[in-house]
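Engineer: Okay, here's what each chain looks like letter by letter:
There are 2 protein chains.
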Amino acid sequence: MSAPDLDLSQLRGRNLKAMTLPGPVTLYRGGVLPSVTIAYETWGQLNKQQDNGILLFTGLSPGAHAASAPADPSPGWWEYMVGPGKPLDTQRYYIICVNSLGGCFGSTGPSSINPLTGRAYGISFPAISMEDIASTAHGVVTALGVRRLSVVGASLGGMAALAYAILYGEQVQGLVSISAAAAANGFAIAMRSLQRELVTSDPEWQGGQYAADAGPALGMLLARKLGLLSYRATSDWDRRFGRQTLNDPPPPPVGGFGLEFQVQSYLDYNARKFVGQFDANSYLYLSRAMDLFNVADHGGTQAAGLARIGARRSLIMGVDSDILFPLEQQRDLALQLGRAGKATRFVAVNSQHGHDAFLVDEGQFVPAMTDFFAAAERQ
Amino acid sequence: MSAPDLDLSQLRGRNLKAMTLPGPVTLYRGGVLPSVTIAYETWGQLNKQQDNGILLFTGLSPGAHAASAPADPSPGWWEYMVGPGKPLDTQRYYIICVNSLGGCFGSTGPSSINPLTGRAYGISFPAISMEDIASTAHGVVTALGVRRLSVVGASLGGMAALAYAILYGEQVQGLVSISAAAAANGFAIAMRSLQRELVTSDPEWQGGQYAADAGPALGMLLARKLGLLSYRATSDWDRRFGRQTLNDPPPPPVGGFGLEFQVQSYLDYNARKFVGQFDANSYLYLSRAMDLFNVADHGGTQAAGLARIGARRSLIMGVDSDILFPLEQQRDLALQLGRAGKATRFVAVNSQHGHDAFLVDEGQFVPAMTDFFAAAERQ
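Keeping their order, the protein sequence lines are chains C and S.
According to numbering that gives the first Met the number 0, the residues represented by the first sequence are 0 to 378, in order.
According to numbering that gives the first Met the number 0, the residues represented by the second sequence are 0 to 378, in order.
Worth flagging that the hints you see were computed from the coordinates, not collected in a lab.
Where chain C lies over chain S, by a calculated footprint (3+ residues, C-beta under 8 Å):
| hint | segment |
| --- | --- |
| 1 | 173-185 |
| 2 | 189-202 |
| 3 | 215-228 |
| 4 | 254-261 |
| 5 | 285-297 |
Label pairs and their in silico Cβ distance ranges:
| hint | chain 1 | residue 1 | chain 2 | residue 2 | range |
| --- | --- | --- | --- | --- | --- |
| 6 | C | T300 | S | P83 | 50 to 60 Å |
| 7 | C | E327 | S | G254 | 24 to 34 Å |
| 8 | C | P250 | S | P69 | 39 to 49 Å |
| 9 | C | N246 | S | L115 | 22 to 32 Å |
Nothing here was measured: the structure is a model prediction, and the numbers come from that model.
All C-beta atoms, glycine included, are put in the ideal place defined by N, C-alpha and C.
Here chain C stands alone, though its shape is the one from the complex (with noise of 0.2 Å):
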């Protein structure tokens, strides 16, 4: 989806721009990419300065359009969050989001033409980790002349922004991670596995070598409801659908073996619209390197790897419904950069929209970003 000849305006809007980077790129745990491709939006301005930038990451599953923007006006995934006058405010910051290195949104992934072979890399891309996302998005940073920056970031894009901060702590002045951690936990690890598995044992699947136009579209789909279902609070899904059926009597059991309950029903349709548009083995590959990723392998322990953190000032949020990110984990983590000596806030969110929280609850989280940028102003 990275070829040169892409119009990438038409992949997910006109605001959408790409990058190739300098030569070939060597991964963090092995392996070369001979040619990188990194797509992103931007919002704002570069002041003359060049140092009122805000990287921001994404989550396993949005695309870099974070906002709308005048040359593309459909709402973005945190539009509630980026604009003028709002907390990622557009007329103060310059915003530039990435689409990770991995995904399949304009970026290098598993899905784009491996230029040694003229086919896609498919499984034979290398291993993705949380540094390569972070060391790619820094290169484009780097290209557009922004000299310092913060980076924020929830979930994957948490992590991301952790492992930036870690890898470019002289550049980056404000840290921000929201339902994320130093490193996932067992659980964590278990349900996003399970996904894997669920991809990888359907046959469509073929190996990881599936056509362009084919793919494990059930494996995914039956991997994205998993997924839907650990990123709310497990109370959210009693509250908004209970017991509800489709219908009533319940229906023989051939029927019964089908979609019944309403619950079923709105998860197959929201896992069906992800399923026709994100590739499946760009899903295996971001997943794996959410479970991969220790802030430990950074001088042998994670108190070792924060204190390599050179963001002045951080802020670590978390949900208490979250089952996937729990929120004992930020709290560590906070705890963990305070000993380290980094001005942290800690917010602890009380939702019932779990791991997804970030994306829904508006009041709780733009008081606490506002207060973040807003200090930053004043320093």
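We have chain C; now place chain S onto it with these hints.
Structural biologist: Structure of chain S alone, referenced to chain C:
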């Protein structure tokens, strides 16, 4: 598996017995089974008053072998609970554990031969309800001469115990329902219905009409993994397995998309044990029965349904880390029973073991159960 010429002692040990109920059985949600066999085990002796019965229902997956017996010394699934001097004291009580109708360990279920066609029922088996599991167990205990009894169960068994106490209120002296609910909540329904979808998505399911020596092994493997994930507290997976990998450094992508983390290996090992011995259609029918159960079906509201329970005393237990049947559900059940005028004790178990705690937290379940049945003795 319930054909009369089958040697049940070879199937699941020498203490297993089976009984064919008189006449055809009409099921709660419609449909008729021309012949129903229920497999069961017993421990202890029925007294002269025929009032010392304890009917024990199982969770979704175990058979009737709840505990060892002279005829079968192999440990049962609730070995710590059933035996001489144990809470379910075989020196005082006559204990009967049934393999649920719809199961595959000796009782009539989808894998049984339909006597009208000479072939396995498969998907033509009528829908199973908790009420059917209760009523066919009632047929067994009646034929065994039991006049009065207590009903005990956890998980699916805790729902079946509720159904039994509603349907046969006059016969039930005590009710123990553990880690169950008056009705499943939306998250539990979502988790279980996704498991069913993993089974039915396997082409080898063949619309439910797979051959006796075949079936959706892969779908069952994946479904069981998801089930196992839901049976433990989320924190338990981290405590036991954390981020431990099978290989360090991590393998390249192809290997990385196989079994990589120890938690995956654990799930795989345990799920494979299950797949070889559990019939896929039985899994579907029993799983769905849990989702469809609702005490409110008996009288229009849960309060009305619970008012039909004749048990003089009830013990409702739940576990604070259970994500499938959250503790609030058992608390609510106990509160409603109390409001209906039933003497009810509610015990909240503090445990890391989630939904499966009743299988392992002997130290917490033994005292509560001992107290409950000792108090019954004194009455």
